[in-house]
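Colleague: Below, each chain spelled out in residue letters.
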Amino acid sequence: MIVDQVIAASLTLTTPILLAAMGGLVNRQGGIVNIALDAKMLAGAFVAVIVSSMTGGWFVAVLSAAVAGALVGYLFSLVITRANANMIVAGLGLNVLVAGFIGFILNWVYDSSGTLRLPDVQLLPKFMPDFVSGIPVVGLALSELEPLTVFAWITVFTLPFLLANTRIGLWVRATGNAPQVARAMGISGRNVQDFSTAFAGFFSGLGGAHLALASIGLFNEGLTAGRGFIALAAFYFGRDRPVTTALVCLLFGFLDATQIRMQTAGLPPKLIGTIPYLMVLVALCIAGWRNHRRKAVAP
Amino acid sequence: MAEAASIGRSPLMDWFDKGIGLAFPFIVALVVAAVVLLAIGENPLDVFALMFAESFGTQRRIAATLSAATPLLFTGVATAICFRSGVFNVGVEGALVIGGLCAAFIGFTLPAALGLTLIPLAFGFAALVSAIWLLVPGFLLARYEVDEVVSTLMLNFVAFGITGYLVNGPLLSEISGNNVTPLVHEAAQLPRLMPPSTLHTGFLIGVLVVILYGVWARRTPSGFEAALVGQNKRFSSAVGISIPATIILVMVLSGVISGLGGASHALGQLHRFADGFSPGYGFTGMAVALLGRNNAIGIFLGAVLFGALASAGTTVQLFSDIPLDIVNIIEGTVMIFAVVELGRISLKRWRARR
Chain A
1 MIVDQVIAAS LTLTTPILLA AMGGLVNRQG GIVNIALDAK MLAGAFVAVI VSSMTGGWFV
61 AVLSAAVAGA LVGYLFSLVI TRANANMIVA GLGLNVLVAG FIGFILNWVY DSSGTLRLPD
121 VQLLPKFMPD FVSGIPVVGL ALSELEPLTV FAWITVFTLP FLLANTRIGL WVRATGNAPQ
181 VARAMGISGR NVQDFSTAFA GFFSGLGGAH LALASIGLFN EGLTAGRGFI ALAAFYFGRD
241 RPVTTALVCL LFGFLDATQI RMQTAGLPPK LIGTIPYLMV LVALCIAGWR NHRRKAVAP
Chain B
1 MAEAASIGRS PLMDWFDKGI GLAFPFIVAL VVAAVVLLAI GENPLDVFAL MFAESFGTQR
61 RIAATLSAAT PLLFTGVATA ICFRSGVFNV GVEGALVIGG LCAAFIGFTL PAALGLTLIP
121 LAFGFAALVS AIWLLVPGFL LARYEVDEVV STLMLNFVAF GITGYLVNGP LLSEISGNNV
181 TPLVHEAAQL PRLMPPSTLH TGFLIGVLVV ILYGVWARRT PSGFEAALVG QNKRFSSAVG
241 ISIPATIILV MVLSGVISGL GGASHALGQL HRFADGFSPG YGFTGMAVAL LGRNNAIGIF
301 LGAVLFGALA SAGTTVQLFS DIPLDIVNII EGTVMIFAVV ELGRISLKRW RARR
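Line by line, the protein sequences are chains A and B. Take 1 as the starting number for the first sequence in this note's numbering and just add one per residue. Take 1 as the starting number for the second sequence in this note's numbering and just add one per residue.
If you are wondering where the hints come from, they were derived from the structure by calculation, not from laboratory data. Note that beta-carbon positions come from the ideal geometry of N, C-alpha and C, so glycine has one too. A few of these clues could be false.
[Said to hold, decoys possible] In silico SDA-like pairs for lysine to any residue, Cα to Cα no more than 20 Å straight-line: (1) A:126 x A:6; (2) A:295 x B:171; (3) A:270 x B:171; (4) A:270 x B:162.
[Stated by the list, open to error] To be clear about the criterion: a stretch of chain B counts as covered by chain A if any three or more of its residues have a C-beta under 8 Å from a C-beta of chain A, and this derived list gives those stretches: (5) 41–48; (6) 162–170.
[As the list claims (entries may be wrong)] Beta-carbon label-pair distances, calculated as ranges: (7) B:321 x A:78: 32 to 38 Å; (8) B:143 x A:265: 34 to 40 Å; (9) A:292 x B:56: 38 to 44 Å.
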């Protein structure tokens, strides 16, 4: 029974990180390190709760969250590509700015500090037929499936194809990996980067919507709890490859799901929480050390 | 850039240029804030006037502003020292938190009989540990070219995790609830300058750090070399400046200053370490450094400005029910527009055309 629950919880907790990481890795392949995924997730979650309450429809809510994320991403991209802003500082600034705006609206419009609880919020539907819950081990996870989780995993497996075989996928990769070539081919690097940042915003918005609408149905200022940065850690560790990154996300989701259980085994959750970040540090060190050796060998 | 533009121009124009450059992000932020305030039907000028009065109106409010500015003096310098050498250290926040914990640890574990020597011990230990903390990414960057942005960003979260664990576990105070360490001994607390305000001697230490930074940056060979590395790496190594040594130097200095900042905040303000020790002083410090263009006077003014925003924000929320979050909106906008080159580029082009 515990195994069932851990699998189900891991899968659910992976989804928001996975969605943001898919967006972020496309963005990074396009040459932009998006440090503001967290802001877009927060914006997505906020919009999702409001729209879901207003319209009573989960699909509209999810779509609005994604569009809101994409819009924030697009504006953010303009600051980087058109006004030559440093992407790291601007990204950190955007995190502060978006949190400020949301807090302001929360306080002014809804007269609440921190948490937004609205009536008639429709959650993501669990669409699997009832009998699946009878399947051993994975039954619980299957019965908990909702559209966003399915969509996230479809993305994981279609994204490699899209990046390798479609025109826009090639453009994105060319812009990030070989800007000179891209320019020589007449690709507008700025437009492609704007697209990839909007794409990252779209997916982060979806991730935020999942956080808000998967089970709790409310918004909180601390809802993302740094998940945008966990997503960043995931695609850094997964070296921008969709499937590898997804596996890393799954590991982070598993850690998240088992934190509380590990506490009873004497492992403090706060320290477990640092594992994703330590993993990235180790990965960076290994990659740096390898490059260093390669350079030392080459004449 | 200013140097290039100043050839054949009157110094007055040059100063005007610099002034606009410094004020530009803040002006944009005020415009954004004004639009937000208009949207909720408040008169922005009234609000700004109230904020100004609440931050500089009376002696007490000035003390509150300077008290809020104190950690920013440290984090501003710690950030600027790296930025001007082209090292994108975003790990000041983590180093500050680690330093705060170390100082508090010394302050309540060593015997109270040590008296006033506790203070230098605590500051020294905090500076040492924070310096080692930032030496790690500094070394990785200098030796293996490991991207410092990501490594320092990740280290921040590691710092939050470690300190969060310690204040809830081994170092948890037995008498007072959750998430805090015991209070440091009275002898280890920094004296207050203007009671009842919380302004403490840490402010003076912060000012001293800013002055020393200014002297180092403008008047010493090492400071000059560090700036040169930031402007042109190839030229610097051609004239014999060691880039790895410079990177390590600025990262260690940044760690030392962050550690001092953490110690000052722990011993002067909170008298202990608590979870949520820093509400983002490291990130605000980045805004301060950018707004001050890594210049000592600029950093001081930037820190006071953000200190004023923080101290005024709280009372403005009390008196006029304008949400405190307006401060974050201003801070975020300043950060974004401090790195935007729109205005300066168009100015340059306009110059070139004439």
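Colleague: It remains to establish, for every hint, whether it holds in the given structure.
Modeller: A quick look at each hint next to the structure:
| no. | hint | verdict |
| --- | --- | --- |
| 1 | A:126 x A:6 | 18 Å, holds |
| 2 | A:295 x B:171 | 46 Å, violated |
| 3 | A:270 x B:171 | 14 Å, holds |
| 4 | A:270 x B:162 | 7 Å, holds |
| 5 | 41–48 | violated (count 0) |
| 6 | 162–170 | holds (count 5) |
| 7 | B:321 x A:78: 32 to 38 Å | 34 Å, holds |
| 8 | B:143 x A:265: 34 to 40 Å | 38 Å, holds |
| 9 | A:292 x B:56: 38 to 44 Å | 53 Å, violated |
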